[in-house]
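Residue 161 in the working numbering is what sits at position 161 of the sequence shown, and the numbering runs on without skipping anything.
Each pair of labels, with its calculated beta carbon distance range: (1) E101 with M229: 34 to 44 Å; (2) I240 with T99: 44 to 54 Å; (3) P60 with I11: 21 to 31 Å; (4) N27 with S100: 19 to 29 Å; (5) H44 with Q72: 19 to 29 Å; (6) V196 with I240: 19 to 29 Å; (7) V166 with L13: 23 to 33 Å; (8) M135 with V166: 14 to 24 Å; (9) D174 with R243: 21 to 31 Å; (10) T206 with T103: 16 to 26 Å; (11) G64 with E260: 36 to 46 Å; (12) D84 with E127: 26 to 36 Å.
Hint data in this document are derived by calculation from the structure and do not stem from the laboratory. For every residue, glycine included, the Cβ atom is placed at its ideal position computed from N, Cα and C.
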Amino acid sequence: MPDGGLDLGAIDLNLVHALDVLLRERNVTRAAAQLGLTQSAMSHRLKRLRELLEDPLLVPGRGGLVATARAQQLGHGLRCALEDLRGALSRREHFDPATSERTFVVVTTDFAEFEILPRVLQVTTREAPRICTVMREPWPGMVAALERGEVDLVIGPSLSPQPGLVQRRVGEDDFASCVRVDHPRLRRRLDLETYVELRHLVITPTGGDGMSPVDEALAARSLRRKVAMRVPHFVGAPFIVARSDLLLTAPRSLLVHAAELLPLRLFDPPLPLPTVRTVMTWHERVGDDPGHAYLRELAATCTRDAIAHRRGRRGRQESPARARSASKPGAKRA
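With the sequences and hints as input, model every part of the structure.
Structural data, given as structure tokens:
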């Protein structure tokens, strides 16, 4: 290595890209798959990087590979530098979905995957067959990942305003509550007293235990609910409710879907709750990127289509599953 630092003439840009993916994945096999390489080819690139940077970069640790201090230092700026370079090189180029081979990383909930992503796939299969969309579930560090350029788009509840983040509302829903149809405490009506007395299942996508809109609405009345279980995923929650005495309050669209498959009874919550808003969040750095603009418009359109379809379902006749549950002795619709 020259006295003045790393010899830029010795750097292969493919190695830089490989290093970025390796530092994010911390797994040679997954990194190789993302770049379309064999595992041995990726291992060879890691060996060259270690020799070039005179550092092991990734070492075995508990649960997989662990980045060295040098690798962590590199990782903070490498992704942003690559995004800036990509933007500088492609700024004058026209984005063509039909030929683009870009990979987009999108963070969203499992319910959004269930409701929106099939529509996204239908469009990209037709318009952008070479684009790859990598989905990740929400986690506490996703805002920092947006800032570093490791995530392209977050779809879900609105995030706390922060410098550099841009948000756009793409949908709305309201809350509903549900229990199993033969719940021993609920038949006709869910009142506030019963709501507070029952044990609740709570969905917390990022794994936290902070105040949700439901908890805030209860706290405004000096009330608290009894939380028996917290789960990170939306789609599995109604299945738990259908086989327990727990009460779930969640976006109505989720529960309407679930009630078509499961013996559930839906209720309006016994207190006013805010609207559930779905927003897209991205970093202003990619605001003028034509590929990112395509991704944003695609996600927004598919979300709107899903909402329109959802509203149509609500106006239709009751589902066979709910009709069967209503025909049981003593079962009444909410």
